[in-house]
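Residue numbers (full-length UniProt numbering), protein chains in the order written: chain V, 1 to 250; chain A, 1 to 149.
No lab work stands behind these hints: they were computed from the structure.
Hints are supplied without guarantee of correctness; some may be wrong.
Said to hold, decoys possible - DSSO-like mimics (lysine-lysine), calculated; alpha carbons at most 30 Å apart, straight line:
id: 1; chain 1: V; residue 1: Lys-186; chain 2: V; residue 2: Lys-116
id: 2; chain 1: V; residue 1: Lys-15; chain 2: A; residue 2: Lys-7
id: 3; chain 1: A; residue 1: Lys-137; chain 2: V; residue 2: Lys-191
id: 4; chain 1: V; residue 1: Lys-231; chain 2: A; residue 2: Lys-7
id: 5; chain 1: V; residue 1: Lys-116; chain 2: V; residue 2: Lys-191
id: 6; chain 1: V; residue 1: Lys-186; chain 2: V; residue 2: Lys-174
id: 7; chain 1: V; residue 1: Lys-186; chain 2: A; residue 2: Lys-7
id: 8; chain 1: V; residue 1: Lys-232; chain 2: A; residue 2: Lys-7
id: 9; chain 1: V; residue 1: Lys-15; chain 2: V; residue 2: Lys-157
id: 10; chain 1: V; residue 1: Lys-116; chain 2: A; residue 2: Lys-137
id: 11; chain 1: V; residue 1: Lys-191; chain 2: A; residue 2: Lys-35
id: 12; chain 1: A; residue 1: Lys-7; chain 2: V; residue 2: Lys-157
id: 13; chain 1: A; residue 1: Lys-35; chain 2: V; residue 2: Lys-174
id: 14; chain 1: V; residue 1: Lys-186; chain 2: A; residue 2: Lys-35
Said to hold, decoys possible - Beta-carbon label-pair distances, calculated as ranges:
id: 15; chain 1: V; residue 1: Gly-194; chain 2: A; residue 2: Glu-141; range: 24 to 34 Å
id: 16; chain 1: A; residue 1: Ser-71; chain 2: V; residue 2: Leu-105; range: 34 to 44 Å
id: 17; chain 1: V; residue 1: Trp-125; chain 2: A; residue 2: Ala-85; range: 21 to 31 Å
Unchecked claim - Examples of chain V residues toward chain A, derived with CB under 10 Å:
id: 18; residue: Asp-47
id: 19; residue: Val-54
id: 20; residue: Ile-83
id: 21; residue: Leu-113
id: 22; residue: Val-117
id: 23; residue: Asp-126
id: 24; residue: Ala-127
id: 25; residue: Leu-165
id: 26; residue: Leu-183
id: 27; residue: Lys-191
id: 28; residue: Ser-196
Every residue, glycine too, gets a C-beta built ideally from N, C-alpha and C.
If you want the building blocks of each chain, they are given just below.
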Amino acid sequence: MANPLTILANPDTFKRWTKPLILPIGIAAVVLLLAGSFVGLFASPPDFRQGESVRIMYVHVPAAWMALQTYALIAGASLVSFIWRHRLADVVAREMAPLGLLFTLLAIATGALWGKVTWGVFWDWDARMTSMLVLAFLYAGYIAVWQIIDNDWTAAKTAGILAMLGAVNLPIIKFSVDWWDSLHQKATVIKEGGPSMPASMLLPLFLMAFGYIAFFGAVVLMRSHTALARKKAPARKVSSVRMEEAPAAS
Amino acid sequence: MATPFEKRRRRSLFLTLVLPAFAGAAALSLWAVTKTQVYAYAPSSLPAPAELGDREVRLAGLVQEGTLSISEDDLVVFTVTDGAASVPVTFEGILPALVAENEGIIAQGRLQPEGIFRAETVLARHDENYEAPEVTKALQEAAEKNADL
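Use the sequences and the hints to build the structure in full.
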């Protein structure tokens, strides 16, 4: 009969299954981020060229990874929603978007600070930075579509198409440093031949990366639960108002 | 009336037509941009001064060894090379800390008629390799030891 995905797509099942996960994932996020920050700031070496400023990487790189990953998830959920009309996919995609925008802006802001101390400028219109700015605008546009259109089905369809078309920007961001000459350096961790970074730097980087993922997971689950609860709330609110008004009218 | 199954198939068909078409359009425009635009010129691909005119361009390469000099009034002179060709650069101001001989830079400025590149800004580049300083030191010492033998 029904496949496992269909069962989880039921909002009530989703809530029942994921509610107990929020607390442990949230605790994991706090622990990983604290451990990553400590190792990144105090227990890892400076870089041979960049010195202490390399520590900005532990905030910047996971933020940029999350910015791309979140957009990929939104585009995937939009595809599912567009074809199979799953309300849960719409809700989760919508609730992920502000986090994606936050990660993108964090990556741009920390990149600007890092750029100032290493390159000598906060910003340059190279391919990587420009495509990241486009990603921020895509997120903003996606959120705006949800805000402007009142009907949830229309909003989901319109925002979903924007998300799917915008996904073309993801490979552009990833490969911008390979396809074009750029000020931004090429990939260090995810590349052929393995990471060109010592283990003492990879450790805080991955602690932070998993911390970001856990933070993202916990917040998305909480936001989705709230959004699903709110969907039911208006009906109750209206009926309670009517009951209060009823005696006065009679 | 279309059944839900038919509607779903119609929506899938819509996506299989629209998404690849959009991706293809994006790829073609990027390809066109790549053909006509450059972010930075390497010394060997830098056009002649007459061709560039007063246009501001970027020049990317390595600071050639033994050419970097900074006068007391912050006038910086060095040569940028890509192995095949080299271009003399002048710059007034304070260089980013990471600018050094044999390291990558990007200079933004104008090529003067006499072939000297006058930079408004000099940016330091760093590559994708990270290392702990102790490791670098150990590697250098090992290399020196080998050279002595």
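- Task: Please work out if V/Lys-186 and V/Lys-174 have their alpha carbons no farther apart than 30 Å.
- Result: At roughly 9 Å apart (the allowed maximum being 30 Å), V/Lys-174 and V/Lys-186 satisfy the hint.
- Query: Could one say that the CB atoms of V/Gly-194 and A/Glu-141 fall in the range 24 to 34 Å?
  - Reply: At roughly 25 Å between Cβ atoms, A/Glu-141 and V/Gly-194 fall inside 24 to 34 Å, so the hint holds.
- Task: Answer holds if the nearest beta-carbon of chain A is closer than 10 Å to that of V/Ser-196; otherwise answer violated.
- Result: 4 Å, holds
- Task: Have a go at the V/Val-54 hint: is there a Cβ in chain A nearer than 10 Å to its own Cβ?
- Result: 7 Å, holds
- Query: Holds or violated: V/Lys-186 with A/Lys-7, Cα cutoff 30 Å?
  - Reply: Roughly 45 Å between the alpha carbons, so the hint for V/Lys-186 and A/Lys-7 is violated.
- Restraint status (C-alpha distance of V/Lys-232 to A/Lys-7 at most 30 Å): 28 Å, holds
- Holds or violated: is there a CB of chain A closer than 10 Å to the CB of V/Asp-126? 6 Å, holds
- Message: Next pair to validate is V/Lys-191 with A/Lys-35; report whether the Cα-Cα distance is within 30 Å.
- Response: 26 Å, holds
- Straight-line Cα separation of V/Lys-116 and A/Lys-137 no greater than 30 Å? 27 Å, holds
- Taking 10 Å as the limit, does the beta-carbon of V/Lys-191 come near enough to a beta-carbon in chain A? Where the cut-off is 10 Å and the nearest Cβ of chain A is about 8 Å from V/Lys-191, the hint holds.
- Query: So does A/Ser-71 sit 34 to 44 Å from V/Leu-105, Cβ to Cβ?
  - Reply: 42 Å, holds
- Given the hint that A/Lys-137 pairs with V/Lys-191, does the C-alpha gap stay at or below 30 Å? 26 Å, holds
The structure shown violates the earlier hints numbered 7, 21.
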